[in-house]
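First to last, the sequence lines map onto chains A and B.
Here the first sequence is numbered in the numbering used here, starting from 1 and rising by one per residue.
Here the second sequence is numbered in the numbering used here, starting from 1 and rising by one per residue.
Treat the hints as calculated values from the structure; they're not laboratory data.
Glycine included, every Cβ here is placed at the ideal spot set by N, Cα and C.
The reader is advised that the hints may include incorrect statements.
Said to hold, decoys possible - DSBU-like mimics (lysine-lysine), calculated; alpha carbons at most 35 Å apart, straight line:
no., chain 1, residue 1, chain 2, residue 2
1, B, K173, A, K163
2, A, K255, A, K300
3, A, K303, A, K280
4, A, K130, B, K255
5, B, K300, A, K175
6, A, K175, B, K173
7, A, K255, A, K284
8, B, K323, B, K255
9, B, K300, A, K173
10, A, K303, A, K175
11, B, K302, A, K130
12, B, K300, B, K231
13, B, K173, A, K173
14, B, K163, A, K163
15, B, K284, B, K302
16, B, K255, A, K175
17, A, K300, A, K163
18, B, K231, B, K255
19, A, K175, B, K175
Stated by the list, open to error - Pair by pair, the computed Cβ-Cβ distance ranges are:
no., chain 1, residue 1, chain 2, residue 2, range
20, A, S34, B, S152, 48 to 54 Å
21, B, A124, A, D315, 53 to 59 Å
22, B, A124, A, S199, 27 to 33 Å
23, A, S199, B, L198, 33 to 39 Å
24, B, D61, A, N213, 30 to 36 Å
25, A, D167, B, T317, 52 to 58 Å
26, B, E236, A, P196, 50 to 56 Å
27, B, E88, A, R292, 55 to 61 Å
28, B, A124, A, Q176, 16 to 22 Å
Number of protein chains: 2
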Amino acid sequence: EVSNLDAQTSHTVAELPGLVNISSFVPSFDDFASITKASLASGFTFNAFLPQTLEGTSIVDVDSLEEAIDVASHDAYTDFAIYLAGSEQNSQEASDAARNAGALFLPFNAYANSKVSAISAHFALWPENKPIITDARTTDLASVLLLASLHSRSIHITGVSSKEDLDLITMAKDKQLSVTCDVSVFSLFLSQEDYPELSFLPTAADQRALWENLAGIDCFSIGVLPSMVAKALGLEATPGVGVQDALPLLLTAVKDGRLSVQSIIDHFHDAPVRIFNLPKQDAKIEVTLDRRTTVSSIFKNKKAFGSINRVSVHDETVCLDGKLVVSEATGKNEVDTSRARFGSVV
Amino acid sequence: EVSNLDAQTSHTVAELPGLVNISSFVPSFDDFASITKASLASGFTFNAFLPQTLEGTSIVDVDSLEEAIDVASHDAYTDFAIYLAGSEQNSQEASDAARNAGALFLPFNAYANSKVSAISAHFALWPENKPIITDARTTDLASVLLLASLHSRSIHITGVSSKEDLDLITMAKDKQLSVTCDVSVFSLFLSQEDYPELSFLPTAADQRALWENLAGIDCFSIGVLPSMVAKALGLEATPGVGVQDALPLLLTAVKDGRLSVQSIIDHFHDAPVRIFNLPKQDAKIEVTLDRRTTVSSIFKNKKAFGSINRVSVHDETVCLDGKLVVSEATGKNEVDTSRARFGSVV
Ligand SMILES: [Zn+2]
Ligand SMILES: [Zn+2]
Ligand SMILES: [Zn+2]
Ligand SMILES: [Zn+2]
Ligand SMILES: [Zn+2]
Ligand SMILES: [Zn+2]
Ligand SMILES: [Zn+2]
Ligand SMILES: [Zn+2]
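Take the sequences, apply the hints, and build the full model.
Structure (structure tokens):
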């Protein structure tokens, strides 16, 4: 897949499948177009949207999910799925809406009391063939892993950013618990060493542990972390902040010998497709590995490499040298309501 | 075991083995004598002491454990064991002191951060043949159950007082997790219906759930709850508050048809001996089931039945009609340092 096509200038070109963003954050429902355009230009041909906007948790039942799907169907430039948020009260409403949802998202900060009962109720009612994803940390993470195990459910932990949490997940995997996880690309490239005031970033030691245990991390993600960083630094939160930086950051790590192109494909396409039961992307991105590129000022003039030459979907070029060449929002809700969990999908 | 010996007045007499207090609270090390005297008179011939006094956690390493064992060896009127407290930092010191400890007690309120790492460290180092006991609740309970399971350790949950926690433990047992639990006798007979201001008491609904699921509760206990109630009500905390009330409360439930004498034996002798690997008590208590007795004013003039006629240890009478007839503190530290966990003990 990596070839020396561009022989004259010795540039190395690689081709990857369209990447899958499993935790795409829309600040508001007005942003589906801008986020998905930025996604396409950045190599992401699928967005699974988190159920929370800047105004809080918004997708919690049949009506709010239908509304979100409708807006996104009009506006999105990539195919998409939309997650439903599981609250302390809505286990029944959530399961009623499951058919059109991409997954159940359990936002742990939103629970005041009775987390155990609330999570148990969701595990009991949410259909077996639909994934469950959560941002639980530390004790809450241990708790949700136990509940998943007691209910014989698989669970995906998103945005892991500490050695302690990763160790716990690794131990659970060793004991055959059905758990998968992702780490935000921002957590791999920003730490409290860069911004001591941002306590939600991993410590340098935590970040080192993430890199050393990439084999135990199933997926890469983007998530809300880039928006949190931008906000904390007083930067204008452009739509899709973080999306543009993800692939250049990872390709720079490839150039630095810390990562392989295959690992990017594994973590940003193959595992997401498998874990979230999504269609394999009929889409390609062509990158030049060693060509200088730029990343956000958040990374303080980091020297970055890896430019995206072309993105094509269904064999049609949608983006060329950074410029979008599609003008219609043709993204579809890609939640197959009949597909079985972990079923084979082409 | 229940016989109509006292035929003339139709009193029903029952004989029970000496009871085992698995969570005996000493306000200070000066109280071993008074507590164990009150214990003997109340039918408890063995005390396993919690590692916390009124001044906080005090037994955390070899030195503090040796000191406590020395004081208790001089002062105690019952055989005893002493638990060691597992803190956020002392996993190594705790395992060094394990040989002479009755069990490792994990006091969950004492953990600030990093609960998962701290508990994991204890599970990794504490010897396999020694029990681990914890007062974890709700999410912390779920978390500690996961960690016990991941480390293939058994765990005992003390002082369960809510339906939610009991349901979780029951579910864990159903999934073959090695977990046992106890409920304080006070939680069975006092609720927030009696004292709405005492939020640490079970609600009436929680208390109902405890009674309905006695089969899923391994042991009865006393614990710190009686001292907490006495303190909150502004009563003088006499040494052994709660100890005197335990058997009369349970025997009253026998008279009311809510409990059997065999269930008291199961929960206050057989299961504690099995779970905490203690010697079967070579001790007997003779009670008259239907004779009026008194319980603490905490229970608001509750009509109580079941008087203790005689307590004997090693075939010698130690208490007759409420009066202690021993004058020497002959209690021994009964932690057999060679005995295997769950080994057969006579
Ligand atoms: Zn290809
Ligand atoms: Zn419409
Ligand atoms: Zn398509
Ligand atoms: Zn279930
Ligand atoms: Zn007998
Ligand atoms: Zn001495
Ligand atoms: Zn003895
Ligand atoms: Zn272990």
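Results of checking the hints against the structure:
Note on B:K173 and A:K163: the hinted pairing holds, with a Cα-Cα distance of about 30 Å set against a maximum of 35 Å. In summary, the hint linking A:K255 to A:K300 is supported, as the alpha carbons are separated by about 19 Å, within the 35 Å threshold. A threshold of 35 Å between alpha carbons decides the hint, and for A:K303 with A:K280 the separation of about 32 Å falls inside it, so the pair holds. Distance check on the hinted pair: A:K130 and B:K255 sit about 53 Å apart at the alpha-carbon level, beyond 35 Å; violated.
For the hint pairing B:K300 with A:K175, the CA-to-CA distance comes to about 51 Å; that exceeds 35 Å, so the pair is violated. For the suggested pair A:K175 and B:K173, the alpha carbons sit about 18 Å apart, so the restraint of at most 35 Å is met. A distance of roughly 21 Å separates the Cα atoms of A:K255 and A:K284; the hinted pair therefore holds under the 35 Å criterion. About 24 Å separates the Cα atoms of B:K323 and B:K255, which keeps this hinted pair within 35 Å; it holds.
A distance of roughly 53 Å separates the Cα atoms of B:K300 and A:K173; the hinted pair therefore is violated under the 35 Å criterion. This hinted pair does not check out: A:K303 and A:K175 have alpha carbons roughly 41 Å apart, beyond 35 Å. For the suggested pair B:K302 and A:K130, the alpha carbons sit about 54 Å apart, so the restraint of at most 35 Å is broken. Taking the CA atoms of B:K300 and B:K231, the gap is near 16 Å; set against the 35 Å cutoff, the hint holds.
For the proposed pair B:K173 and A:K173, the alpha carbon gap of about 21 Å is at most 35 Å, so the pair holds. Restraint check for B:K163 and A:K163: the C-alpha separation of about 34 Å stays at or below 35 Å, so the hint holds. In summary, the hint linking B:K284 to B:K302 is supported, as the alpha carbons are separated by about 27 Å, within the 35 Å threshold. Taking the CA atoms of B:K255 and A:K175, the gap is about 48 Å. The hint is violated against a cut of 35 Å.
Between the alpha carbons of A:K300 and A:K163 the distance comes to roughly 25 Å, so the proposed pair stays at or under 35 Å and holds. For the proposed pair B:K231 and B:K255, the alpha carbon gap of about 30 Å is at most 35 Å, so the pair holds. A distance of roughly 14 Å separates the Cα atoms of A:K175 and B:K175; the hinted pair therefore holds under the 35 Å criterion. Checking the proposed 48 to 54 Å range against A:S34 and B:S152 shows it holds: the Cβ atoms sit about 51 Å from each other.
The hint said 53 to 59 Å for the Cβ distance between B:A124 and A:D315, and at roughly 54 Å that hint holds. A C-beta distance of roughly 28 Å is found between B:A124 and A:S199, which places it inside the suggested range of 27 to 33 Å. At about 37 Å, the beta-carbon gap between A:S199 and B:L198 stays in the expected band of 33 to 39 Å. In this structure the supplied range 30 to 36 Å holds for B:D61 paired with A:N213, their Cβ-Cβ distance being about 33 Å.
In this structure, A:D167 and B:T317 meet the distance hint of 52 to 58 Å, their C-beta atoms being roughly 57 Å apart. Taking the beta carbon of each, B:E236 and A:P196 are about 53 Å apart, inside 50 to 56 Å as hinted. Between B:E88 and A:R292 the C-beta distance comes to about 48 Å, which lies outside the given range of 55 to 61 Å. Distance hint for B:A124 and A:Q176: a CB-CB separation of about 19 Å, consistent with the stated range 16 to 22 Å.
Violation of the numbered hints given earlier is confined to hints 4, 5, 9, 10, 11, 16 and 27; the remaining hints are satisfied by the structure.
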